[in-house]
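**Q** Chains as they are written, first to last, in this note's numbering: chain A, 16 to 258; chain B, 16 to 258.
Possibly wrong hints are sitting among the right ones.
Copies of one chain are not kept apart here, so a pair can be met inside one copy or by any two copies together.
[What the hints assert, rightly or not] Below, computed lysine-lysine pairings styled on DSSO-like, alpha-carbon distance capped at 27 Å: (1) K126 - K247; (2) K221 - K257; (3) K94 - K110; (4) K45 - K126; (5) K221 - K83; (6) K247 - K201; (7) K257 - K201; (8) K247 - K110; (9) K138 - K201; (10) K126 - K201; (11) K110 - K126; (12) K94 - K201; (13) K45 - K257; (14) K247 - K257; (15) K201 - K45; (16) K47 - K257; (17) K94 - K47; (18) K257 - K182.
What the hints contain is simulated information worked out from the structure, not anything from laboratory work.
Number of protein chains: 2
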Amino acid sequence: MTYCVGLRLNAGLVFMSDTRTNAGVDNFSKTKKMFTWAVPGERFITLMTAGNLATTQSLVSLLDERSKAPKHRSPTILKQPTMFEVARLVGATLKEVIGESNATAKDETSKFRASLILGGQIKGGASTMFFIYPEGNFVEVTDETPFFQIGEAKYGKPIIIRVFDQKMSFNDSVKLLMVSFDSTIKSNLSVGLPIDIQTYEADSFKIGHQVRLDEDDEYYQSISSGWGNALKQAFETLPSFKF
Amino acid sequence: MTYCVGLRLNAGLVFMSDTRTNAGVDNFSKTKKMFTWAVPGERFITLMTAGNLATTQSLVSLLDERSKAPKHRSPTILKQPTMFEVARLVGATLKEVIGESNATAKDETSKFRASLILGGQIKGGASTMFFIYPEGNFVEVTDETPFFQIGEAKYGKPIIIRVFDQKMSFNDSVKLLMVSFDSTIKSNLSVGLPIDIQTYEADSFKIGHQVRLDEDDEYYQSISSGWGNALKQAFETLPSFKF
Numbered sequence: 016m017t018y019c020v021g022l023r024l025n026a027g028l029v030f031m032s033d034t035r036t037n038a039g040v041d042n043f044s045k046t047k048k049m050f051t052w053a054v055p056g057e058r059f060i061t062l063m064t065a066g067n068l069a070t071t072q073s074l075v076s077l078l079d080e081r082s083k084a085p086k087h088r089s090p091t092i093l094k095q096p097t098m099f100e101v102a103r104l105v106g107a108t109l110k111e112v113i114g115e116s117n118a119t120a121k122d123e124t125s126k127f128r129a130s131l132i133l134g135g136q137i138k139g140g141a142s143t144m145f146f147i148y149p150e151g152n153f154v155e156v157t158d159e160t161p162f163f164q165i166g167e168a169k170y171g172k173p174i175i176i177r178v179f180d181q182k183m184s185f186n187d188s189v190k191l192l193m194v195s196f197d198s199t200i201k202s203n204l205s206v207g208l209p210i211d212i213q214t215y216e217a218d219s220f221k222i223g224h225q226v227r228l229d230e231d232d233e234y235y236q237s238i239s240s241g242w243g244n245a246l247k248q249a250f251e252t253l254p255s256f257k258f
Numbered sequence: 016m017t018y019c020v021g022l023r024l025n026a027g028l029v030f031m032s033d034t035r036t037n038a039g040v041d042n043f044s045k046t047k048k049m050f051t052w053a054v055p056g057e058r059f060i061t062l063m064t065a066g067n068l069a070t071t072q073s074l075v076s077l078l079d080e081r082s083k084a085p086k087h088r089s090p091t092i093l094k095q096p097t098m099f100e101v102a103r104l105v106g107a108t109l110k111e112v113i114g115e116s117n118a119t120a121k122d123e124t125s126k127f128r129a130s131l132i133l134g135g136q137i138k139g140g141a142s143t144m145f146f147i148y149p150e151g152n153f154v155e156v157t158d159e160t161p162f163f164q165i166g167e168a169k170y171g172k173p174i175i176i177r178v179f180d181q182k183m184s185f186n187d188s189v190k191l192l193m194v195s196f197d198s199t200i201k202s203n204l205s206v207g208l209p210i211d212i213q214t215y216e217a218d219s220f221k222i223g224h225q226v227r228l229d230e231d232d233e234y235y236q237s238i239s240s241g242w243g244n245a246l247k248q249a250f251e252t253l254p255s256f257k258f
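Can you make the complete structure from the sequences, with help from the hints?
**A** Given below as structure tokens:
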């Protein structure tokens, strides 16, 4: 499993992903699920992946390879004129990869699936984010739904619904996601540290902050232990039930 | 979908279940998912059900029918000597019901599945709780895992993990479950009010409190709106993140 969240703030974009990958509980390891392509001053694109690792690695390699020596290998995400066209291209590439695996193993179609969060900005357009389905189609963030989750999304969703606000600062939004990730990691063994964090400041056209937090990171520890107490105190403030 | 939770407190047992049932989002209605059999002074048994409604209704009807005129219709849950034997009988009956449906529609085996939480006490034994799988086998609560959830369990689990304590009072545990249900109801349309609540005081061998809370219940409203603010305040108390 996996847990990735993308937030669209007024200030820009925030991406957070875990790094655990597993095929059964006795076969797990670390892998990066966040990939960035940038042309400073012109475009910034980040992709987070959940699902079959062979599919997502192949997808990222294809996108990456086709972005090099673009004269010979178009279409490439570095040449698409808008984020919408980038999303179409990434979706089509995902469909292509899944289709190739399906062709050789028709009975296990669902095994090769993957979902993606794609965010970024290209000069002339706004910074935005897309949720891309295994079928290659996608939806874009809106003011009503200004965040996307992929992978093991349920445990960490209630806190985002309750606290997230597009006017938040980058620092506060990272703190919020840290709580959401901690709730998920405590509930599901297949989501694990370290956590990759990346921010993108709107109209900057370059990577913002980029951090990896480990199990022994002090801040993560303070959130993980502090949130339990904070929740208990919050619970105390609610009115008591009487039969 | 469904959401049911059973807690084992030092003081006794607490059961809470939603009442929404649906076959697609355009076909939903209300149904009770909590069923009780009691012989005052001798035994108390409560069952909560999640899964295929035809399966769970048939199961409850069979258990109920076989408990009447027990001379002619044994074995019955009203005659089993221990809660362990009751769990075996309920598990076997569940397996029987699912097996009958499977026999006529082999391609859709998984559709007829159901999971159960069974709790209660029989004179001579302790009050206890079981999680019964569609295969008819089951596990019992332990001090390490003193609660069970069935149905849409993920959204409401983190708050239970963080706050639940077996030393809680009935009132506090109902308040806790109210928060857990509210988080779930806000995140999944297929879980809905009203909520059924029941308590069982250990060694009382009779039904404790029995309440149904509706959408317009004042206490539910105060939790639902109050928890958002309480969470935001709890979030504020955590240390800020700095890149």
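**Q** Give a verdict on every hint.
**A** Hint check results:
In this assembly of identical chains, K126 and K247 lie within 27 Å of each other by CA distance neither inside one copy nor across copies; the values are 40 Å within and 39 Å between. Only between protomers do K221 and K257 lie at most 27 Å apart by alpha-carbon distance; the minimum there is 20 Å, versus 56 Å within a single protomer. For the homomeric pair K94 and K110, the shortest alpha-carbon distance inside one copy (20 Å) is at most 27 Å, but the shortest distance between copies (59 Å) is not. For the identical chains of this complex, K45 and K126 are intra-copy neighbours only, at 20 Å inside a copy versus 36 Å across copies, given an alpha-carbon limit of 27 Å.
In this assembly of identical chains, the alpha carbons of K221 and K83 lie at most 27 Å apart only when taken from the same copy (19 Å versus 74 Å across copies). In this assembly of identical chains, K247 and K201 lie within 27 Å of each other by CA distance both inside one copy and across copies; the values are 16 Å within and 21 Å between. In this assembly of identical chains, K257 and K201 lie within 27 Å of each other by CA distance solely across copies; the values are 23 Å between and 31 Å within a copy. In the homo-oligomer, the alpha carbons of K247 and K110 never lie at most 27 Å apart, since the shortest distance is 46 Å inside one protomer and 40 Å across protomers.
For a Cα distance limit of 27 Å, the shortest separation of K138 from K201 qualifies neither inside one copy, at 40 Å, nor across copies, at 38 Å. In the homo-oligomer, the alpha carbons of K126 and K201 lie at most 27 Å apart inside one protomer (26 Å), although the nearest pairing across protomers, at 30 Å, exceeds that limit. Taking the shortest alpha-carbon separations for K110 and K126, only the intra-copy value of 14 Å comes in at or below 27 Å, while the best inter-copy value is 29 Å. Taking CA atoms no more than 27 Å apart as the test, K94 paired with K201 passes in neither setting, with 41 Å inside one copy and 41 Å between copies.
Proximity of K45 to K257 under the C-alpha cut-off of 27 Å is restricted to the inter-copy arrangement: shortest distance 25 Å between copies versus 48 Å within a copy. In this homomeric assembly, K247 and K257 come within 27 Å of each other (Cα to Cα) both inside a single copy, at 19 Å, and across copies, at 25 Å. Taking identical chains as interchangeable, the C-alpha atoms of K201 and K45 lie at most 27 Å apart only when both belong to the same chain, with a minimum of 18 Å there against 33 Å between chains. Taking the shortest Cα distances, K47 and K257 sit within 27 Å of each other only across copies (23 Å), while inside one copy they are farther apart (49 Å).
In this homomeric assembly, K94 and K47 come within 27 Å of each other (Cα to Cα) only inside a single copy, at 25 Å, whereas the closest approach across copies is 58 Å. Taking the shortest alpha-carbon separations for K257 and K182, only the inter-copy value of 17 Å comes in at or below 27 Å, while the best intra-copy value is 38 Å.
Taken one by one, the earlier hints fail for this structure at numbers 1, 8, 9 and 12, listed in ascending order.
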